[in-house]
Amino acid sequence: MLNNIKEEVPLDAISDNGLMLKVKAGDVDKLGLLFERYNKALFGFFYRMTHNAKTSEDLVQNVFLRMLKYKHTFTGEGKFTTWMYHLARNVNVDHHKKQNRMGYKDDLGEWENRLPDESDTEAQMNQQEEIQLLNAAMAKLPPEKKEILVLSRYQGLKYKEIGQLMNCSEGAVKVRIHRALTDLKKIYKKLENNQAL
Amino acid sequence: MNEERYQILMTEYLSGEITPEHEAELKAYLEQNEEGKSELFELKILNDQLGHIEVPEPSEQMSANFYTMLEEHKQAEQNTLKLSTRLKSWWDSLNYRRLAYNLAYGLVGILIGGLGMYWLQDTATKGDKNLVISKKNEEQWADVKKQLARLEAANKEVMLTLIKEKSASERLRAVNLTSNLSDVDNRIIEALLTTLNTDSNVNVRLTTVEALSQFTKHPKVRTGLIKAIAKQDSPLVQIALVDIMIDLQEKRSVNALKELLKKQDLNEAVKGKVEQGIQVLM
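Those sequence lines, one after another, are chains A and B. So for the first sequence, my numbering puts the first residue at 1; every next one is plus one. So for the second sequence, my numbering puts the first residue at 1001; every next one is plus one.
Bear in mind the hints are in silico, worked out from the structure with no lab data behind them. Source: prediction; values computed, not measured. Glycine is no exception: its CB is placed at the ideal position from the N, C-alpha and C atoms. Some hints here could point you the wrong way.
Said to hold, decoys possible - DSSO-like cross-link-like pairs, simulated, lysine-lysine; straight-line CA separation at most 30 Å: (1) A:Lys140 <-> B:Lys1044; (2) A:Lys145 <-> B:Lys1217; (3) B:Lys1231 <-> A:Lys160; (4) A:Lys190 <-> A:Lys146; (5) B:Lys1027 <-> A:Lys22; (6) B:Lys1044 <-> A:Lys145; (7) B:Lys1217 <-> B:Lys1231; (8) B:Lys1164 <-> A:Lys185; (9) B:Lys1156 <-> B:Lys1145; (10) B:Lys1217 <-> A:Lys190; (11) B:Lys1217 <-> B:Lys1164; (12) A:Lys24 <-> B:Lys1027; (13) B:Lys1251 <-> A:Lys146; (14) B:Lys1231 <-> B:Lys1251; (15) A:Lys54 <-> A:Lys140; (16) A:Lys146 <-> B:Lys1164; (17) B:Lys1074 <-> A:Lys30; (18) A:Lys140 <-> A:Lys69; (19) A:Lys146 <-> A:Lys160.
Said to hold, decoys possible - Some chain A residues judged to face chain B by a derived CB distance under 7 Å, without partners named: (20) Gln61; (21) Tyr70; (22) Phe74; (23) Ala139; (24) Lys140; (25) Arg153.
If we strip away everything but chain B, and leave its shape as in the complex, we get (with noise of 0.2 Å):
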């Protein structure tokens, strides 16, 4: 046996709660041992004499303590909770996405100011070779960079929540945004056809058609038009998705169209105009 297994079957013994399987291997293994047969007992008188060890009664201070400390905890909980209230009230009040949007304008408002001033520097010291302030202006326009990026991310970001409001003049704010925008991430373009193509309002649908225009360098914005084609029921939608087909020369598109035709109930004016493209596509 080894010193490990026999520390723990000792440990087992003395405190009671030992099984018979181990009791009977601990004692064929003390039967060979004399040490160890006089350790079990030393250590058995110890561990029963540390059961007579007595413990005081703690005093009933502690139990007014406590119940005091618990008293001041709910107060200062209490004092907590009020103020959060009090400024979640305000908050509230504020309507903050209205701030949100205000402010995302004004900061574009600011930023086409700076870019303006910064142009008419730039054009003032065109003349100038001064090396010097070519570096300046260098890291001018590496900062109005850097503040254009900061604010296009801001503009994503209100663009996202907006996108998602119940009001479908929020809605039609959000989609407006990304004109301002020089470039759209996945999340973006995912929004914008989500909304295109489960949007309740037809304005909104119809400007997302026009948003999505300006990103057709995007493969997946061209394939989410050209599958946006069935999915659409408004004549004016339909009428501006073949538009952006013929402008695109988008041949992928001509399949969608035809299959467009074959719905029952399209509009005449719509089923001339994807004739027409289709014609043109061909």
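Excised from the complex, chain A in its bound form (with noise of 0.2 Å):
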């Protein structure tokens, strides 16, 4: 009677936590669900992370291609999501250490480029101009402290778990985050005023 019940819960219904543990069981084709639950949030984390579409959609691979090969190490104790994103700080770290070693200067010049220039119209200039001096400011912000607004602001993680992931207390997660945005603000700063010479 118990079996019956449980062969009809949907698989939607189906806690992050159950199906990893599936997968870590063998029954492997349940990560395409939690492909499908999370392959955005983590495609929007590289993104933010890299501002490139196409290295973000190799990374989110990665960190599935992880899930795989470190199933064993899940527990189920704690939060899927915590678990998926050391996975996907790791496969952040190794990117940026890789292109350190080819030479890459990260994709500052993409947003420098996209910076727009004194033909533009003032009409522009508005909202759109902003955004794209703050992301040309959020790219020059330092990885770590880029990391932790994108998580905190972005990914939706609770100070707790981000707490978890990065090893210290929830006080010192938002003594982190207000740092960040502090420096945030001043590059943003300068690069107006920079635009405004």
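Could you use the hints to bring the two separately framed chains together as a complex?
Here it is as structure tokens:
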């Protein structure tokens, strides 16, 4: 009777942890459901970190590959998303290391090129300009500061989860977010002043 | 308010997750701090602007790539599984227990041969006073001793595995393996005593008494044998135990033997043997 009830539970209702534990037990098809749930969030994380859509798609793929490779390390005790972002952060760090080895200077130039030039009309210099300026400022922000802003502001992680990921207290997370935001403001102001010159 | 406290409250305020108490605390602080007020204003604008940054949709290729990767992974896992199943059935067909047992005996043979060779060589060179050769012989001897120690350790492991087997003949082999050991450790003693007291087969128990009689220099073996007297119901094992007590002149066993005499269903032959034993030991 109980088994029948269990079987009737729609797949969508199975928790992330339940799905990942099934993957761990060998039912790797269930990873597809986790992909459907989180591919956009992960893409957003990488896109905000790298500003490159193609790279971000590859990095999302790497995260799911690592889920298969390290499925034995998933215990189901914490939140699945905390484990997922733990893998994502490592993928991101490895990507940056690889880029540094190859002599790339991040994708900063891409954003700087997109800054509006003097020929732009005044109308175009409103919100769109501000967003582009902010994107450029984000690109200039050191990776660890950018990461904490992305995780808290865009990925919707709780301070506690970020603390678990970064191995620090909730209070320390809040302090770091404030410092990252203050630094972003300084970079933004600097870019704004350069543009005004 | 210290700087960190201020930063914590600011972050809470900007994210909209501030409690009324914290908000009141921040407000009270900012009322006396103009710089903080303007920072709050600027950061609020920046924070709101961050919300306007959009991220493009990932392409459909990302999804296609993921499912291709998943299929490839499944395929690779299936291939690995097939290989491991084949290896397992091959291993099972080897009857590994018999193999381990034969291997242990094979090694004993080789080492005995090696030792024989060594002694022959040693005898032949006895008259030779050459120090170099003598040193070489010492090294060889140390080497042989090392090999023997390794073999003995392997033998112990085989014994401890076999003694848990369901088949009585395998357990009998395990007990017999102890005759190759120069000495026994606690694990072996405990395994033998457990077998003596709990094994369902009389032959195994009887052989275990014999095996233990080789190691009576260990106090644990002596005590174990005395305690076993009360636990045995087979006349053969009881007689074997009394014999050992007499051989060892183990006076501590008298009480146990007297208790045994009180048993209602005690075999007459055993009764005579026990009485004789008590007389000798008293």
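For this session: Of all the hints given earlier, name the ones this structure violates by number, lowest first.
Result: Failing hints, ascending: 2, 3, 5, 8, 10, 12, 13, 16, 18, 21, 22, 23 and 24.
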